[in-house]
Structure formats: structure tokens, C-alpha cells
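Asks: As given, the protein sequences belong to chains A and B, one line each in that order.
Each residue of the first sequence is one higher than the last, beginning at 1 in the UniProt record's numbering.
Each residue of the second sequence is one higher than the last, beginning at 1 in the UniProt record's numbering.
Worth flagging that the hints you see were computed from the coordinates, not collected in a lab.
Note that the coordinates shown come from a computational prediction; the quantities given were computed from them, not determined experimentally.
Heads up, some of the hints might be wrong.
As the list makes no split between identical chains, a pair holds if one copy fits it or if it spans any two.
Said to hold, decoys possible - Below, a list of computed lysine-lysine pairs in the PhoX-like style, where the Cα atoms sit at most 25 Å apart:
no., residue 1, residue 2
1, Lys25, Lys49
2, Lys49, Lys15
3, Lys15, Lys58
4, Lys25, Lys58
5, Lys92, Lys25
6, Lys61, Lys25
7, Lys61, Lys19
2 protein chains.
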Amino acid sequence: MMKKIKLMSFEEWEKKKLKNPEFRKYARQADDDPFVATALQLIRARKKKNLTQSQLAKLAKTSQEAISRMESLDYRGYSLSVLEKVADALGKKVLITLT
Amino acid sequence: MMKKIKLMSFEEWEKKKLKNPEFRKYARQADDDPFVATALQLIRARKKKNLTQSQLAKLAKTSQEAISRMESLDYRGYSLSVLEKVADALGKKVLITLT
DNA sequence: ATATTATATATCAAAATTGATATAATGTCA
DNA sequence: TGACATTATATCAATTTTGATATATAATAT
């Protein structure tokens, strides 16, 4: 991890992903589904900081796998405390609203 | 559960609770701590609908204990999926923002 | 085009949450 | 005020999440 790679930007990544019908199906739910919405926010924030999942995992004191799961649009099992840890490592604060 | 009792309103409840230094200590963190903020929002929403924890638990297909834990200002373990279930039972949508 | 690195996910053990039951302390009602 | 109901939480089993390891596929670097 001496060499810093340049990750694809969120926008490029999203554009690429939207070519996949499966991804499109999920992405359409972002407004209604806190998991999908959160996953996309996490991916955006991570790519913005140009961190790999492994690097973020290290900063958040969790595992690369946990990060991957949380970024997956169809994973719905993680805890709020893991989310808070990861968000913190991304320099973000978690704001939860019941609307 | 034939007879509907009248729960103390959130405002009254909060006023009463704020007399306790321990509660005050936690309540002060609501702006910085998603758990505290969420707990208070859950309590407010539940009392607004005049539901007991048991009634809400039933609607959310979870347990009274789970509700109590989530409403506790010092509990930090629950999953986002349980939160979503409970919010849904309260007629609320969970909105998560990383700010 | 090839070498290297990142990501998604399978397997499974370890850790944590959830639920059932019970109950003391607190709240509501008659 | 006493009877009844609600809430917070202890104990512990059942269930789920997290982490370690591994690896096929995809992305990035050269």
C-alpha cells in the first residue's frame, strides 16, 4: 500500500454500473430504501477520498469484507455501530431522521 | 390490551427525565450521537401514536425488549434492519445522511 | 498485453444481537 | 391508595453479524 492507486470516480463508476439492469433495479430504490441510499453514500464518500475498501477498513478498525457488504445494494444486515465507525473513518457524521 | 391507556406525552416525559442528571448527560449528546438522537425520535413517535412498547413490538414483529433497548440512550448495538422495521411500524421512514 | 491490486463473496469460527421468560421499579387508572 | 399495566433489564438460548482466510473476477498500473 505504498503506492496510491487512482480509483474511478463515483460518477464514472455509477455510469458504468447503470449499464447493468440489476444495478438499475436497486439504484431506483435509493429514495425509499435506507440501505441502498446509505450504500451509495458510502461508496461516494470513499471514492472521494480515494480510499480502497481495505484502507477504509483499517481506518475504521473493521474488515474489508464488512465494507464490501455495506457497499452492496442488496445487503441489509449491518449494525448502526459499524456504520457509525465507518462514517467516522470517512470523516462523516451519521444523521438519522424518522420522517 | 383491550383498554387503551394514555401515555405521558413526550414533552412531559422529557421534562420529567431532564431532572435526572444522568439523562441530561446523554440528552446533551443528541446532536452528535446518532444513537441518542434516534432513541429520542423513536420515543417521541411512539408516544405520539400512544403505543406501548409491547404494542409497537407486535406491530414491528419484534420484542418489547428490543424496543426498550433501542429507546435506551446508552444502548449502541442494534441493527439498521430492526430500526427500519420499527420505524415502519410507527409509520415513519428512516432517512440516513452522511454529512 | 501483462502484472499487480481491488472487490465481491464463499466457508466457517468468533462475537454480537435478538427473543423468550421473568421480574423489580415505575407509571396509569379507578 | 391499591390494583393493574408498562418499562427496564437480568439470564440464557437461538439467530445473525463480523472477521479471518481464501479466491475468482474486475480494475488499475506499467
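Asks: For Lys15 and Lys58, with the copy left unspecified, which applies at a CA distance of at most 25 Å: within, between, both, or neither?
Replies: Answer is neither; intra-copy 28 Å and inter-copy 42 Å both fail.
Asks: At most 25 Å between CA atoms: does that hold for Lys61 and Lys25 within a copy, between copies, both, or neither?
Replies: Neither way: Lys61 and Lys25 sit 32 Å apart in one copy and 27 Å across, limit 25 Å.
Asks: Between Lys25 and Lys58, at a C-alpha cutoff of 25 Å, which is it: within one copy, between copies, both, or neither?
Replies: neither (31 Å within a copy, 31 Å between copies)
Asks: Is it within a copy, between copies, both, or neither that the alpha carbon of Lys92 lies no farther than 25 Å from that of Lys25?
Replies: between (27 Å within a copy, 23 Å between copies)
Asks: Is it within a copy, between copies, both, or neither that the alpha carbon of Lys49 lies no farther than 25 Å from that of Lys15?
Replies: Close inside one copy (19 Å), not across copies (43 Å); limit 25 Å.
Asks: Is it within, between, both or neither when you check Lys61 against Lys19 at 25 Å Cα-Cα?
Replies: neither (34 Å within a copy, 38 Å between copies)
Asks: Up to 25 Å between alpha-carbons, please classify Lys25 paired with Lys49: within, between, both or neither.
Replies: For Lys25 and Lys49, neither the intra-copy (27 Å) nor the inter-copy (34 Å) Cα distance is at most 25 Å.
Hint violations for this structure: numbers 1, 3, 4, 6, 7, all remaining hints satisfied.
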